[in-house]
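Put the complex together from the two separate chains, hints included.
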Amino acid sequence: MDNENGFSQTFEITGRDFSKAGTISTKIKEILQDIGIPPSTIRRTAIASYEAEMNVVMYANRGTLKLSISPSELRIRLDDEGPGIANVELAMQEGYSTATDEIREMGFGAGMGLPNIKKNSDEFEISSTPGKGTSLDIVLHLNAAERA
Amino acid sequence: MSYYHSIRIDADKCDGRMRCMRVCPTQAIRVRGGVARLLEDRCVDCGECITACPTGAVVALTDPFGELSRFTRTVAIPSPALYAQFGRQILPREILAGLKKLGFDDCVDLASTCGEVSFAIQEHLREYTGPRPVISNVCPAVVRLIQVKYPSLIDHVSPLDTPREIAGREIKRTKAAEYGLSEEEIGAFYITPCPVKMISIRQPAEKGRSCLDGAISISEVYAPLLAAMEGMEKASYRQALESICILGIGWAIVGGICRTLRLKNSLAVSGLGEVLQVFDDIEKGKLRNIDFVEAYSCLQGCVGGSLTLENRYISYNKILKLIETLEYERIKACPDIREVRRRYARDYFFRKGVLEPRPVRPLDIDLATAIQKRRAKEEIYESLPKIDCGACGSPTCLTFAEDVVRGEAKLADCCVVGSQKKIRPEAQPEALGKVVELRPVGSRRRKKEAHGRDK
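Taken in order, these protein sequences are the chains called A and B. The opening position of the first sequence corresponds to residue -19 in our numbering, with each subsequent residue numbered one higher. The opening position of the second sequence corresponds to residue 0 in our numbering, with each subsequent residue numbered one higher.
Bound-form chain B, shown alone (with noise of 0.2 Å):
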C-alpha cells in the first residue's frame, strides 16, 4: 500500500543540513546522499519539516486557484483559523465576503458546523459507553499518528464525522439543488491552515471518498483576500459579532472544543511531541477518568498551522479575546440543538468508511527473523555512541541501528563507529569562562580522579 502525502522535498532546492530530519516527530525522515527523504509508511503530514527547511526545499502540495475553473459553482469553506490572521476589527462576516469576491460563488461559515457538531459529540458522550477517552478526529495528523504509531487506540477515535466534511456535503447537496446542477459540478473548497487537511481529502484516513474538493492554503489566500476587503462595505461591529457561533469559533484554537462538552473531564493538547506523551498515557490505561480528548499537531491548534501566516500565539489570543467578548456582549448566537438532535437521531453526523490501523512495517514478517532482527538492533545499538549527531543522516542512533537492521544504512555510515574513535569526555574542550558544575556534596576531587584512572 502506497500512501498519499502531501509533503514535497524538492532535491534540486535541499542542501542536506538535517533541520527537517532531527524535527520529524515520527522519525520519517532520512538524510541520503545529501538529501532529505520521506519515508511514506511513517510520515503523518503534521507539517514540522515545512517550518523547519531554511532552504523552503519543504512543500506543501495544495490547490493552486487555478483550480477553481473546473467547476461549474464553486464554494469556499475557510477553516476557522482563517478568521485569526487579520486585524481585531476584521470579523469573520467581512472575510466571508472578501473571499466572494475572489471568485468563489459561496462562502460557508464553518464555525456554525463546528457548533453543530460541538452539541453532537454531547449527544454521542451521553449514549456512549465504548473505551475512554473518545479521541477527537478533527486533526488528520492526529488520526494519522494513531493509525501509525497507537492502532490499538482507534476505537477511541471519535465516529463523528468532521465539520469540513459535514459542511462540504450539506453545501454540495444544497446548492445542487438550488442550481439544478449534479453535486459533481459543485466544487467545494477548503481554506487550510494546514497541508495534512489536503490529504485527508485526497486520500481520507478512513478509505472513504472526502466530500471536499481540494484545499488552499492561507497563506496562497492571504494576500488576495486582503485587497479584496479594502474599502469594502462593513457591516456596523455589532452586527458582525452577531453572526458568529460562539460554540464554533473556539474550534480554531487548542481548547475550543472541550470548552463547548461542559464535561467535567476532558484535556486538551497541541503540539505533536505532547500528544505523544498523552497517548501514550491513554494506552497504559491511565487516563480511563477522561471522556473526551481533544489532540491537534500543531501547537496552539489550528491556528499553529504551518501554512498560516500569523504568529500562532497572537491568533490563538484573537479567538480568546473574541469569545470572550461575545460572552460579554451576551451575543450566544449557535445552532438549534433540536436540530441537531434530530439529525444526530438519522446519523447525520457520523462518518461513513472505517477507520484501520497502518501501523509501521514490522522488522521481519517473519515473528522468528523480526525478534531476531530486534536483538541485532539492540545490539548494534549498543555499540555506537548515542549522542544523536545525526551525521549519519538518521535522526537518532537508535533509528541509525533499526535502519542498519533492516539493510538500509551501513555500520560504517557512523562517524563515530566508522572512525574507531570512541566519544572520550576528556578529549572535549574545557569549560571556558564561567560555568557552573552541578555535583552532588561530598563529590568534588574524588570523582574526577576515579574517572581519570578508569580510562
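The shape of chain A in the complex, shown without the other chains (with noise of 0.2 Å):
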C-alpha cells in the first residue's frame, strides 16, 4: 500500500482517554475531503473509523489506528493491546455488549458498533486473541466514476 500513489498517516488511540475520543476521525474526515473523495464514502468511513476508535477507548489500554488511500481502496488497519474479545462471533451480533454500567450511561456500548463497522465497510476482517489484543481491517472500495 505504501508505493508512490499512496497516503497513509498512522494515529495513536490511547484507552480511557474519553476526552480525545472521537478526534481522529474528524482528522480522517478533513483528509478524505481534500482529497475529493465522495460524500457517501466519507460519511460511511466516519462511522467506521469513529466506531472503531471507540471500541478502544472503551476497551483496550492503546491501540493504533493506520489510514491508508490509494486510488482504488481506502483502508483502515486498527491494532489494539488489550483484553481481546472472547467470542467473535457473538460480538459480531448486534445488541451483544460487555460494556459496563459506566459506559453505557455515557450512551456507548449499545453492541452496534462492529455490526456497524462491517455494515459500513466493503471488506471488513476482525481478529482476536483474548489477553493480548485485537486487530480489525476495513476496506473501502474507491470507484473512479464516483468521484464528486
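Any given hint could turn out to be false.
Unchecked claim - Below, in silico cross-link-like pairs of lysine-lysine (BS3-like), each with a Cα-Cα straight-line distance of 30 Å or less: (1) 409(B) / 421(B); (2) 98(A) / 0(A); (3) 46(A) / 385(B); (4) 0(A) / 263(B); (5) 331(B) / 320(B); (6) 98(A) / 420(B); (7) 320(B) / 100(B); (8) 320(B) / 99(A); (9) 0(A) / 112(A); (10) 263(B) / 320(B); (11) 320(B) / 385(B); (12) 7(A) / 320(B); (13) 285(B) / 7(A); (14) 112(A) / 285(B); (15) 385(B) / 421(B); (16) 285(B) / 46(A); (17) 233(B) / 263(B); (18) 285(B) / 0(A); (19) 0(A) / 100(B); (20) 99(A) / 285(B); (21) 385(B) / 7(A); (22) 409(B) / 7(A); (23) 385(B) / 0(A); (24) 46(A) / 98(A); (25) 385(B) / 331(B); (26) 0(A) / 99(A); (27) 233(B) / 100(B).
Keep in mind that the hints were calculated from the coordinates and are not lab data. Because the structure is a prediction, the values reported are computed rather than measured.
Next up, the structure:
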C-alpha cells in the first residue's frame, strides 16, 4: 500500500481517554475531503472509523489506527493492546455488548459498534487474541467514476 | 460554478488587519497584498466578518428602500427578530403598523407562518423514516455549511420550506387575486437580521426560484421605523398580546423551534463554531437518538444576526419574556391545526428544488495527484511553526500549507520559514510579575534543565 501513489497516516489511540475520543475520525474526514472522496464514502468511513476508535477507547489500553489511501481503495487497519474478544462471533451480533454500566450511561456500548463497522465497509476482517488484543481490517473501494 | 455572495470587501477601506480572516469559521478569507479576499467556494455567508471588521470594509449587500418603487404593490415580511429590537412595550402589532407607515402596502406577521410550520414539522416527523436527526433549514448559512462541509448530511435537512418563503408565496397569491394583479407586480420584501437571507433569495441553495423579491436589513429599517411608530395610536397591551402567535414568536431565538415540537429528543445549537461540533457528531452517527436539530450560524439565533441593532442577549431575553407573558396570561393564539394538516396533505409546506452538495474543490481533480498533494500538504505543515500567526495571510499554518500545495501561496511567504529561524521558547521574553506556572508535582527543576540540554 505504501507505494508512490498512496497516502498513509498512523494515529495513536489511548484507552479510557474519552476527552480525545473522536478526534481521529474528524481528522480522517478532513483528509478525505481534501482528496475529493465522494461524500457517501466519507460518511461510511467516518462512521466506521469512529466506532473503531471508540472500541479502543472503551475497552483497550492503547491502539493504533492506520489510514492508507490508494487510487483504488481506502483501508483502515486497527491494532489494539487489551483484553481482546473471547467470542468474536458473538461480538459481531447486533445488540451484544460487554460494556459496563458506566460506559452505557455515557451513551455507548449498545452492541452496535462492530456490526456497524461491518455494515459501512466493503471488506471487513476481525481477529482477536484474548488477553492480547484485537485487530480490524476495514476496506472501502474507491470507484473512480463516483468521484465528486 | 460561481456562487453569489452577499458579502463584499471594499478594498479601499480594508487595511489588512486580518480580524475577518481569523474569525471566519470556514477559513474562506485570505489576505493578499494587504487586502482581504473571499474564497467563494468556501464562504457560507454567515456574516462573522462583517461584525469583526474594525474599519467597516466588509459590507452586506442588501436591497435599498428604493427598490420598492419597482412594484405596483409591496409587502413587508419582517423576521420575528425585528420584534425584539425595541422596548418591551412595543409589540408586533405596532411594529407592523409602523412598517406600513414607511411605505409598504401590506405587512405579514411571519410569526404566525412560523407557527404553521411548527405544526407541519410535527406532522412530518410523525411519518418520517429517514436518517435522524432531521436538521432545520431555517438558517441559510447552516444549509450552505452542510452543502460545503457536510455533504453527507444533506439527507438530514428538513424537506419543508422555510416560513419566509411560504409566507412570500402565500401573500403574493392572495394579494394578486385581491387586486387583480399578476404575482410579478407584487414585491415581497423580507426584513432581514442577517446578510445570508439575501443570498437565499438571489440564489436559493436548492437551485429554484425564491418567492421573495428582496431583503432589507433591520439596521436600515430601524431608525425610520422608530420615528414612524412615534405618537401612533396604540391598541391596549392585552389586545396587542392577543395577536401574537405563541408558537411562532420563538423562531427568532435558538431553541424556539424545538420548544414547539413536543419531542423527547431534540437539541438547539447556535454559533457556527458550535454547529460544526454538533454536525461532526451527527456525521459520526453519534446523535442517532435525536429527532430534530435546530441550528443557527449566529449566536442566540436570528436575534444575533449581524444586521440587528439590539444586543443579542437582550433581544433573546425579550422574546423569552414575551413567551412567558403569553403563557402567564394564558394567551395561546396559534394557527388552526386542522387547516395545517389539510395543507400538509397537499404538499403545501414542502420546498420544491433539490438540495445538492457543494463540496470545496479537492486538491486535484485526479485522485492519484490529489493523494500526492495531500501528502505534500502534510509535509509542508510539519515544516511550519504551527503557531497560526496569520502573518502570511492564511488563517492557520494548515490552511497555508494547503494554499502552497494549490499554488496560491509560496513557502517563502511564511515569515518564520522565510527568515530561516525557529520559534525558540528560550528566545521568548521571561514572564514578568506574578505568573503561576502549572506543572506536574515533582518535575520542578529537572524538566527545565533537560530542556536546556536539548537545544
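Ascending list of hint numbers which this structure does not respect: The structure breaks hints 6, 8, 11, 12, 17, 19, 25; every other hint is satisfied.
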